[in-house]
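K.L.:
Residue numbers (my numbering), protein chains in the order written: chain L, 1 to 353; chain P, 1 to 353; chain R, 1 to 353; chain C, 1 to 353.
Since the hints were made in silico from the structure, they are not lab data. Possibly wrong hints are sitting among the right ones.
No copy is singled out in the list; a pair is fine if it fits within one copy or between any two copies.
Unchecked claim - Distance condition first, Cα-Cα at most 20 angstroms in a straight line; then the derived SDA-like pairs of lysine to any residue:
no.: 1; residue 1: 258; residue 2: 310
no.: 2; residue 1: 93; residue 2: 143
no.: 3; residue 1: 258; residue 2: 118
no.: 4; residue 1: 3; residue 2: 343
no.: 5; residue 1: 235; residue 2: 262
no.: 6; residue 1: 93; residue 2: 228
no.: 7; residue 1: 42; residue 2: 122
no.: 8; residue 1: 258; residue 2: 2
no.: 9; residue 1: 5; residue 2: 107
no.: 10; residue 1: 5; residue 2: 211
no.: 11; residue 1: 235; residue 2: 309
no.: 12; residue 1: 173; residue 2: 82
no.: 13; residue 1: 212; residue 2: 120
no.: 14; residue 1: 212; residue 2: 117
no.: 15; residue 1: 52; residue 2: 176
no.: 16; residue 1: 235; residue 2: 179
no.: 17; residue 1: 5; residue 2: 217
no.: 18; residue 1: 235; residue 2: 69
no.: 19; residue 1: 5; residue 2: 340
The chain contents come next:
Number of protein chains: 4
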Amino acid sequence: MDKIKIGIIGAGGYGGCGSIELFYRHPDAEIRALIDTQDVGKSISDLYPHLKGFCDLPLMAPDNPDCPEDFDAVFFATPDGVGQKEASSWFEKGVKIIDFSGDFRFNDPETYRGYADRIGRTQAHLSPELLPRSVYGLAELHRKEIANSDLVGNPGCFAVSCILGLSPAIDSKLIEPESIICDAKTGVSGAGKTPNPTFHYPARYESMNAYKISGHQHVYEIERELGILGGQEIKITFTPHVVPLTRGILTTIYARLKEGSDLERVKDAYRAFYRDDLFVRIFGSDEPLVSVNVRGSNFCNISLNVDERTGRLIVVSLIDNLMKGQAGSAVQNMNIMFGLEESSGLLHPGMYP
Amino acid sequence: MDKIKIGIIGAGGYGGCGSIELFYRHPDAEIRALIDTQDVGKSISDLYPHLKGFCDLPLMAPDNPDCPEDFDAVFFATPDGVGQKEASSWFEKGVKIIDFSGDFRFNDPETYRGYADRIGRTQAHLSPELLPRSVYGLAELHRKEIANSDLVGNPGCFAVSCILGLSPAIDSKLIEPESIICDAKTGVSGAGKTPNPTFHYPARYESMNAYKISGHQHVYEIERELGILGGQEIKITFTPHVVPLTRGILTTIYARLKEGSDLERVKDAYRAFYRDDLFVRIFGSDEPLVSVNVRGSNFCNISLNVDERTGRLIVVSLIDNLMKGQAGSAVQNMNIMFGLEESSGLLHPGMYP
Amino acid sequence: MDKIKIGIIGAGGYGGCGSIELFYRHPDAEIRALIDTQDVGKSISDLYPHLKGFCDLPLMAPDNPDCPEDFDAVFFATPDGVGQKEASSWFEKGVKIIDFSGDFRFNDPETYRGYADRIGRTQAHLSPELLPRSVYGLAELHRKEIANSDLVGNPGCFAVSCILGLSPAIDSKLIEPESIICDAKTGVSGAGKTPNPTFHYPARYESMNAYKISGHQHVYEIERELGILGGQEIKITFTPHVVPLTRGILTTIYARLKEGSDLERVKDAYRAFYRDDLFVRIFGSDEPLVSVNVRGSNFCNISLNVDERTGRLIVVSLIDNLMKGQAGSAVQNMNIMFGLEESSGLLHPGMYP
Amino acid sequence: MDKIKIGIIGAGGYGGCGSIELFYRHPDAEIRALIDTQDVGKSISDLYPHLKGFCDLPLMAPDNPDCPEDFDAVFFATPDGVGQKEASSWFEKGVKIIDFSGDFRFNDPETYRGYADRIGRTQAHLSPELLPRSVYGLAELHRKEIANSDLVGNPGCFAVSCILGLSPAIDSKLIEPESIICDAKTGVSGAGKTPNPTFHYPARYESMNAYKISGHQHVYEIERELGILGGQEIKITFTPHVVPLTRGILTTIYARLKEGSDLERVKDAYRAFYRDDLFVRIFGSDEPLVSVNVRGSNFCNISLNVDERTGRLIVVSLIDNLMKGQAGSAVQNMNIMFGLEESSGLLHPGMYP
């Protein structure tokens, strides 16, 4: 079989870099072109010298006439607004699309509007006709729809962590939905590669902070996905924090157990819900979950605990924000969309220490 | 006036080191002797070479006959069990005591029993007669009792962060007590200077984790202090996390606002409660709180936020675990016990970057 | 072809962990047993949870009768003294040996004696008869001997960095041998996984230091290899430093250029010397070498510079101490010993950021 | 006595911040105004919130008519080019000047020209008439001239480290001047507070590199000062490196001992040379020098070692680049210029851990 031909738009960012690292090891897909509006003409291995000899493709401008066009799939590793402007022309040619932003995470214009409000985007969606064709790209919830779709909105990194940590409890109605609190801690790479004063090394090496308290845009997709799953409107409290490490999201999730729920029922529900999900691993309360153990891999590690004194479920959910939270999920989605083994190119333990 | 003469027992640990750094700048107190059971005979500046020329006292064994005894105050910078064994002989001589462990944080044997159970200590308290004389050493709650006491149980670092973050809301009955969740993130120094695999540099530099989920011993003193203040039993959920930095505790506190409470009332209550407390600073939702800003100082920075969508108060409480969470509070207590200016030796901004 | 069957002795350390990560991706070799004297009975994935599902073999005691013995090769990822005691019994059975310590880096007892003196080992070598059969395992210098050998002494991490950085200049007689100074900076993982006060996170996160000034044991093998190559005795000054990162050795090498040498001749010599060496990459003075670019990979990046004002060659040599400096070189040696593609299992770019 | 009134120009950078931290503790000087061209109108404690309550002065534009002018001394904590443009008007009013850049480190236009060439500055010095009035501000070499001067060029951070590490050996003619190599490792704060891709946290947390190999501008002042001291032209090789920590410069200095020199003579020479220098501390080979031990303090720690095998002196010189390497030296110079105790405001051990 010919290899699947991939184009990456926005290839120069961390999302592009992570995708390239994964495709190097993918047996059935290969990168044909790297497209970006910055650093045009440079080799990707000038930006990321560890790729030297592994991927030395140049960054091409989107309108470069020499740019290959015979892609089977295009990754939009771009910020909000790019995919909705440019995806439709690819889509019409039959190219499958995976978009890393919020542009295609909501499959109707009205729902998208609610998201756009949160990110301060006043413009209407530029490709509203595509929205009903799009699928929310979290394989553990939407594997079948992804398999049948040509347009996937890759989920937000915090959303992956929260949704995977909560879905079985919501699905099995084990917790009080209005009691949910998600306290997330992320490494700095989640903010991308553009330097800013907050992430300047001397300002960050010994500092942590909360930000966007009760106002982060990922709340919107978390509540929507959990609401669909639970069959009722769900509102959560979500507080993101930045801590001085590079890769990893650890989300501590609190929710009141319903009458009759206990740790055993919770464990059973999680194991059953994820029984076919290779990349989700369930741990008990007595096993320590340390974020470095998912660094560089596509796994989500989940530990289940109950605070007997207060009747609360406490879930700790761990991912690498650049892998299961971004490029890893994207490749997993691509595998599903093309009927490949879902884990193809993704079965790696990461690196320690 | 003669300077207050201080002895530090357990001087070789981080609590001792932090105290020495503070006393160097203290106008009215001076260290007379450093006592420890480890590294006996070494100079403290061999252990902590930055102190060379500032404090070169030797570490003396507790039973060294040459050890000075004419202390006005003794700091027990020791783990649980030491103070309760050794404090009484000093106490009887009229020496004022500040103990860094849980030994004197509870002023009756029965309450202490509850704490001892949590730390797996089966023995009864060794100086039960002293317990009624002891005061919980959080100046912002117990300034007057501390001023009149000769025996202070310095609070746990997490407890300082949680109690200061919650007291005004409890005192003014603005929140539902059964809804309180404290999600704490601490730097590594909170675990002390003894190396272990978890805090080995390669294991920690890029890793975070939750631990003692719903089982940390500081919960006990938090619930007790809040319960006394609120006039009712209070049970909280508390989850500590370790993140890869050295100094700082950031606790994110969640609680449901009572009917009629709002951000303005909350702010008023906090400002009023802490109007005489130099070391507590209240910030609004729009001001970023970054942990490095309290590093090396005795301040507790608190930001107040309300999640309107879910009706929750979200308090972010920041301290340096080695200062306001340990040695800083100890010196503050000593100042109060001796009738000195409460901030004496403590008015320093820390260091940046 | 059947896969090569590997046993790893001392599997629980960083050297074992790194080897396991590499073998997971190796097409022609597989691990049959993990042997250690510590943590016996535990699964390797209990020690290193990122390996869960990738390698869950138990750690077996060396004398466990159930331990498989049908190895084609054994890695001694053990400290000095273990291989020389235990290797001969394997060697006699025809098992190929790669030892990570200094035990087999010197192929006669007298030379070994010089090394043993430096590490304070008074005992004579326990398998002197094996020494003439051993080869120094730096493929770029001894590829042919390694191919014909059944016993390889894997080089020290600092030695890899220094020898690769100097060999072409020595070989082509471009520098004054008595003028060589190697100033090495290493990450903390070089000291292994056993916690100690120096590498406790709070002691290290913001600290660097020189150590073993002019007394590090790797000097011995560096001088020996360079001496053989240069056909004369060579004495260097070597100072190791520890800096607060986990993986990487950056060695800055200074030497006076001989009359008539210049940057162009140096570049030509290095390119010629390494023309068949996939894992050595030569860079000019204008290309920045950053250590993270070799993190997790088996490459040695070398930049060549001349200080015209003083007539000195300045070579910057970069490796990942756990890869080209340890497990990566070991697998590279194994590939050569078994006639496999030298880069088999090793062609990975590492991970960024 | 009235306090000395200080104005700081360029107050918003790390040099300004460090000076403010020091003046807060200075008994005889106080800051009257903070001047900058960026963040004008903001309080300094908005930029550096740890200063809240300690210094809340606004940043004023240089041309603000409300800006106080009755300074006794002005600190130019500004990059090259500012002081030479603006200092003369202050100087004429009798205000003492300390400039943090290279503008006044060379006391004649021709020497300055050599420096300007290295930093790519084509313009002639803007205040050549001031140059003969200026003094190189390293107190340990020029205490008397500083005491008699109104214009001091504060030394470069690397220069402080190298010059203090070499001066006694040069002065006593113990080493071969043409053999000197300085290998410097610096923390990231040396590059200032402006974010850039190289110092973005994810790019730096696990990376080190050499830069400006044989081309750093501080070489110029090092060679000049050592040349004056040694009475002959001296050319050194100097390579700076950045390592992932925030504060600290560790320079490892290599030089061939002259016939007849040995470690004892070296130690004697260093102790004699620095006998009146409170801020230089000499250590023997057996005492470990760790950079965190000078963090936040004005000390330079120096360890002396001889590599007997190669006849080289190896000096390790440690400073905090923001203290003895910048603001600390500036305050020390100010103390000397005003006839105060040289250590006034500077006697602090820093902070650990």
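K.L.:
All the hints need checking, so say for each whether the structure fits it.
P.N.:
Each hint, compared with the structure:
In this assembly of identical chains, residue 258 and residue 310 lie within 20 angstroms of each other by CA distance both inside one copy and across copies; the values are 12 angstroms within and 19 angstroms between. In the homo-oligomer, the alpha carbons of residue 93 and residue 143 never lie at most 20 angstroms apart, since the shortest distance is 24 angstroms inside one protomer and 52 angstroms across protomers. In this assembly of identical chains, residue 258 and residue 118 lie within 20 angstroms of each other by CA distance neither inside one copy nor across copies; the values are 31 angstroms within and 27 angstroms between. With identical chains, the CA atoms of residue 3 and residue 343 are at most 20 angstroms apart within one copy only, with a shortest distance of 16 angstroms there and 23 angstroms across copies.
For a Cα distance limit of 20 angstroms, the shortest separation of residue 235 from residue 262 across copies, 19 angstroms, qualifies, whereas the shortest one inside one copy, 23 angstroms, does not. Proximity of residue 93 to residue 228 under the C-alpha cut-off of 20 angstroms is found in neither arrangement, the shortest distances being 32 angstroms within a copy and 64 angstroms between copies. For the homomeric pair residue 42 and residue 122, neither the shortest alpha-carbon distance inside one copy (34 angstroms) nor that between copies (31 angstroms) is at most 20 angstroms. For a Cα distance limit of 20 angstroms, the shortest separation of residue 258 from residue 2 qualifies neither inside one copy, at 52 angstroms, nor across copies, at 55 angstroms.
Within a single copy, residue 5 and residue 107 get their C-alpha atoms no closer than 26 angstroms, and across copies no closer than 52 angstroms, so neither meets the 20 angstroms cut-off. In the homo-oligomer, the alpha carbons of residue 5 and residue 211 never lie at most 20 angstroms apart, since the shortest distance is 39 angstroms inside one protomer and 39 angstroms across protomers. In this homomeric assembly, residue 235 and residue 309 come within 20 angstroms of each other (Cα to Cα) only across copies, at 7 angstroms, whereas the closest approach inside a single copy is 25 angstroms. Taking the shortest alpha-carbon separations for residue 173 and residue 82, neither the intra-copy value of 38 angstroms nor the inter-copy value of 49 angstroms comes in at or below 20 angstroms.
Taking the shortest Cα distances, residue 212 and residue 120 sit within 20 angstroms of each other inside one copy (13 angstroms), while across copies they are farther apart (40 angstroms). Taking identical chains as interchangeable, the C-alpha atoms of residue 212 and residue 117 lie at most 20 angstroms apart only when both belong to the same chain, with a minimum of 15 angstroms there against 39 angstroms between chains. In this assembly of identical chains, the alpha carbons of residue 52 and residue 176 never lie at most 20 angstroms apart, being 52 angstroms within a copy and 33 angstroms across copies at closest. With identical chains, the CA atoms of residue 235 and residue 179 are at most 20 angstroms apart both within one copy (9 angstroms) and between copies (16 angstroms).
In this assembly of identical chains, the alpha carbons of residue 5 and residue 217 never lie at most 20 angstroms apart, being 32 angstroms within a copy and 49 angstroms across copies at closest. In this assembly of identical chains, the alpha carbons of residue 235 and residue 69 never lie at most 20 angstroms apart, being 43 angstroms within a copy and 58 angstroms across copies at closest. When the C-alpha separation of residue 5 and residue 340 is checked against a cutoff of 20 angstroms, the pair qualifies only within one copy, where the shortest distance is 14 angstroms, while the shortest distance between copies is 31 angstroms.
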